[in-house]
Every structure is written in C-alpha cells, then in structure tokens.
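S.K.: In case you want the letters, here they are:
Number of protein chains: 2
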Amino acid sequence: MNKIITISREFGSGGRSIGQALADKLNVKCYDSLIIAETAKESGFTVDYVESQSEDTQGSGIFGWLAGNYYGDSNTHQIWNIQYDVIRDIASKGPCVIVGRCADYILHDFDNVLRVFIHASDEFREKRIVEEYGETDEDPLSRLKEKDKKRKAYYEFITGEEWGNAKNFDLALDTSTLGIDTCVDIIASVANKD
Amino acid sequence: MNKIITISREFGSGGRSIGQALADKLNVKCYDSLIIAETAKESGFTVDYVESQSEDTQGSGIFGWLAGNYYGDSNTHQIWNIQYDVIRDIASKGPCVIVGRCADYILHDFDNVLRVFIHASDEFREKRIVEEYGETDEDPLSRLKEKDKKRKAYYEFITGEEWGNAKNFDLALDTSTLGIDTCVDIIASVANKD
Numbered sequence: 001m002n003k004i005i006t007i008s009r010e011f012g013s014g015g016r017s018i019g020q021a022l023a024d025k026l027n028v029k030c031y032d033s034l035i036i037a038e039t040a041k042e043s044g045f046t047v048d049y050v051e052s053q054s055e056d057t058q059g060s061g062i063f064g065w066l067a068g069n070y071y072g073d074s075n076t077h078q079i080w081n082i083q084y085d086v087i088r089d090i091a092s093k094g095p096c097v098i099v100g101r102c103a104d105y106i107l108h109d110f111d112n113v114l115r116v117f118i119h120a121s122d123e124f125r126e127k128r129i130v131e132e133y134g135e136t137d138e139d140p141l142s143r144l145k146e147k148d149k150k151r152k153a154y155y156e157f158i159t160g161e162e163w164g165n166a167k168n169f170d171l172a173l174d175t176s177t178l179g180i181d182t183c184v185d186i187i188a189s190v191a192n193k194d
Numbered sequence: 195m196n197k198i199i200t201i202s203r204e205f206g207s208g209g210r211s212i213g214q215a216l217a218d219k220l221n222v223k224c225y226d227s228l229i230i231a232e233t234a235k236e237s238g239f240t241v242d243y244v245e246s247q248s249e250d251t252q253g254s255g256i257f258g259w260l261a262g263n264y265y266g267d268s269n270t271h272q273i274w275n276i277q278y279d280v281i282r283d284i285a286s287k288g289p290c291v292i293v294g295r296c297a298d299y300i301l302h303d304f305d306n307v308l309r310v311f312i313h314a315s316d317e318f319r320e321k322r323i324v325e326e327y328g329e330t331d332e333d334p335l336s337r338l339k340e341k342d343k344k345r346k347a348y349y350e351f352i353t354g355e356e357w358g359n360a361k362n363f364d365l366a367l368d369t370s371t372l373g374i375d376t377c378v379d380i381i382a383s384v385a386n387k388d
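Taken in sequence, the protein lines are chains G and W. Here the first sequence is numbered in our numbering, starting from 1 and rising by one per residue. Here the second sequence is numbered in our numbering, starting from 195 and rising by one per residue.
It is possible that part of the hints are untrue.
Each pair of labels, with its calculated beta carbon distance range [to be verified]:
| id | chain 1 | residue 1 | chain 2 | residue 2 | range |
| --- | --- | --- | --- | --- | --- |
| 1 | G | T46 | W | H302 | 43 to 51 Å |
| 2 | W | N275 | G | E131 | 38 to 46 Å |
| 3 | G | K167 | W | D303 | 23 to 31 Å |
| 4 | W | K343 | G | L141 | 34 to 42 Å |
| 5 | G | D89 | W | H302 | 41 to 49 Å |
| 6 | W | H302 | G | D181 | 22 to 30 Å |
| 7 | G | S52 | W | K339 | 37 to 45 Å |
| 8 | W | E317 | G | N112 | 13 to 21 Å |
| 9 | W | S246 | G | E131 | 47 to 55 Å |
| 10 | G | K93 | W | R282 | 47 to 55 Å |
| 11 | W | R282 | G | T46 | 53 to 61 Å |
| 12 | G | T136 | W | S246 | 51 to 59 Å |
| 13 | G | Q20 | W | N386 | 20 to 28 Å |
| 14 | W | E317 | G | R88 | 21 to 29 Å |
Just so you know, these hints were derived from the structure itself, not from any lab. Only a predicted model underlies this, so the values are computations on that prediction, with no experimental measurement involved. Idealized CB from N, CA, C, for every residue including glycine.
Input sequences plus hints: build the corresponding full structure.
M.R.: Here you go:
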C-alpha cells in the first residue's frame, strides 16, 4: 500500500474512526491529534490553543491572519505554516492516513494521495456526537450546525475550494447509509490497488 | 441484489458505461435511452425531441415550463410528468440501474435506492468525448463546458439541489483517478450488501 489517504469529514460522521480503522487495517499510522501535538511542540503554543486555531476563522483567527500579512506573522499564520510543514513532512515519509487539517489541499502536488470525503445525515451525526463523543452540553443539532459552519468557513478560507464539492475528492462516502465498516472496506480496497 | 442504483454523472466521465457494466455484473436492466424511448412513445413526441427537452432549461425549455404553469401543460412539462411516471414505474418493478434523468430525485421516497455520482477531471473527459463518443465537431473543452452548464442548470432547476454536492449521494467517485472498472467494483460490492 503506497498511498497517503487524506480524510476530510463532516463533524460527527465518523471520519476519525474510519481513519483509525483504516490505519489498523493497512498497517500504517493515522495522524490527527498527533499533528496538533507536533505543531504545538514546534510552535511553543499549547495543544489546546493550536487546536482552537485550527478550525476558527472567526474572531482573532481570520483577522489575525489578515493582520499577519501587514504586521508580520500572527499566531494563526505561524501555526498554519508549521502545520503545513508538519503535514508535508509526514507525507514525505511514506504511506499513512491523515485526518482533517486540510491535508488534501496541503498535499496537492503529491501524486500518491487518495482524497476521501466522509459525510452523513444530520440524524446520524446528532446521535453519534451524543453517544460516541459525549457531547451533551448543548442541543446536538445546534452543536452540529455550529461545527459545520466553522469547518466549512475554515476549509474554504484556506483552500479557496467549496466544502463538500464531490469533485475535490476521489471518493465521497455517506456513513449514515453505507455504514462505517463498509466505508473502511471501500477505501482500503482502493488504497490497496497499484 | 435488491437496490435501485441511480447514476448521476458529469458529461464524459463514463457514467453511462459504468451503468451498463453494473447492470451486466448484477444481472439487472440498465435504463437510460430506454427511458427516453418510453417517454417518447407515451408522449407522442419524437425521441430526439424528448432527448433535447431533457437537459435544456435554456430557450423554450424553462420558459415553456413557466408558461405551462399559467397556460396549461407545456411540452416540457408534459415530457417531465411522463418521464417522472416512467421512472417511478420502472423502480417499482424491482432492482435495476438508472442513468441520469434526475432519477435520484424522482425516487427520493424509495428506501432501496443507492445514489451514485460519477465525475472526472476535464482532461479525462475531453479525451473520452473525442475517443469514445466521437465528438469531434467542436473544441472538446468548449463542448464539456457547454454540457456541464446545461446539465447543472437542469438538475438544479428540477431538484432545487446543488449539482455535484457530495451530500446528495451515497457514493461519489472520480473515474479519472480510480478508473472505470474500480468504480464498477465499488458500486457492485455496496449494492450486493444486505
């Protein structure tokens, strides 16, 4: 298996679980929180701060970015630059799975990337974020909409591409209708070709 | 295999070939031009006319539609109504493959539909429409853009949904990176579950 599999996913669709299951099945590493930790280490910021800057174009995020162009590297800009390098460094080391982080965009010039988009119905995701993620503080649908809005804004701001456009991916799969296991099987079988 | 597989596709991406190969593999019928022929038979219009009305919201198409709401059924409206019934009738008879015709939308309330979107790079499609479809009269890229624009406009007008949005499909597959055979295998393996 010689592919770098990037998984872009809707919040609550099971993309992270798919990433881990794929990595286990294909005997490679799955990078998600590891990237954040590595970025934090290199940037000197805390893991929590790096995580909060990674999906936020609201408030200080986007303005910090814009300001950075005039006043020198803002925190967001610095974190992005480091994360960009961390991801490209990971990819250069060989086959792996990378979840989120606009990795599909960052690795645009690598020729062995399998770009996957994972999505699901609101109903499936609402249930999942409560049962699997323990998100019980606020109404699940509101939580979904909030995260969807942020993730979409961040992805579109970073990549200039439309979030959820099928044409940006080799495979786009609906976990609520196909099931997580079937999605893992599909991606693994494609990854194992060539 | 108990599914109705609907294939929405970009022009030149090989969706029709996939539909036929799938039908052969799953031992069911593939409906595409058959629907047009059936619609023509029932409407009294020629096959060519029905075909031209099926992807055209420009000129008489959309205005005919709007006019039909005030002045009684226009040709476009009539053809749509008949095609709608033809497709639902086909689907009610059992498992099959249906290519195009907004079938994913028409069968929205059927619970055994597998909704597939097939797309490919411009480069792949340009090559295909010349080599496979024999489209040599005009510049391939212009031909692609013209068909893309029409197909998108028609789909969005009919369904109110965004053409190419991954969330409207269980599976969205890129034939230029995965290959047509792999796409057939993926869809068939999913269709054969349950």
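S.K.: Would you pick out the hints that fail for this structure and give their numbers low to high?
M.R.: No numbers; nothing is violated.
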